[in-house]
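Visitor: Under the working numbering, the sequence shown has 21 at position 23, and the numbering climbs by one with no breaks.
Just so you know, the hints here were simulated from the structure itself, not pulled from any lab data. Hints may be right or wrong, so weigh each one.
[As the list claims (entries may be wrong)] No farther apart than 35 angstroms at their CA atoms in a straight line, the calculated lysine-lysine pairs in the DSBU-like style are these: (1) K118 - K71; (2) K12 - K68; (3) K71 - K12.
Since this is a predicted model, take the numbers as computed values, not measurements.
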Amino acid sequence: KRREVRELEKKGAKGVVTRVGRGVVGVALDEDKGEENVVGAGGVGGSGRVWMVKLADDVTYRRMNGTMEKLQKMSESEHSMFIRVLFGQSSPSPVPADLINDPEVGNIEWVDPTLNDSQKDAIRFT
């Protein structure tokens, strides 16, 4: 088995599934610089077959570690409100009970008409 896995690794790539949808799987490949490749019914970009094997590896750890290093190198002026709250530099703002009628949120033009109310509330919340 191990020899077979090594042979396959030489021919292919390792990655982490980042999202799953109808007919597509988003994969962050180890070789990419944080980019996502979409795997659909026709393979990667419609170019053939794909064989996915669930394995424990260090791709997730390296991506997380890279993000933490990037955050550590950021100056405070580069921190978003979310990062400031995450690091305890700021308190989260209170969220109005009725986001739909909140003047701060404004009128949002929905690009995807299939979003349900819960999804729209999540977007307003951000």
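Visitor: Check whether the Cα positions of K118 and K71 lie no farther apart than 35 angstroms.
Guide: holds (34 angstroms)
Visitor: Given the hint that K71 pairs with K12, does the C-alpha gap stay at or below 35 angstroms?
Guide: Satisfied, since the Cα-Cα distance of roughly 28 angstroms is no more than 35 angstroms.
Visitor: Does the alpha-carbon distance linking K12 and K68 stay inside the 35 angstroms limit?
Guide: Roughly 23 angstroms separates the two Cα atoms, so the pair holds.
In the structure shown, no violation is registered for any of the earlier numbered hints.
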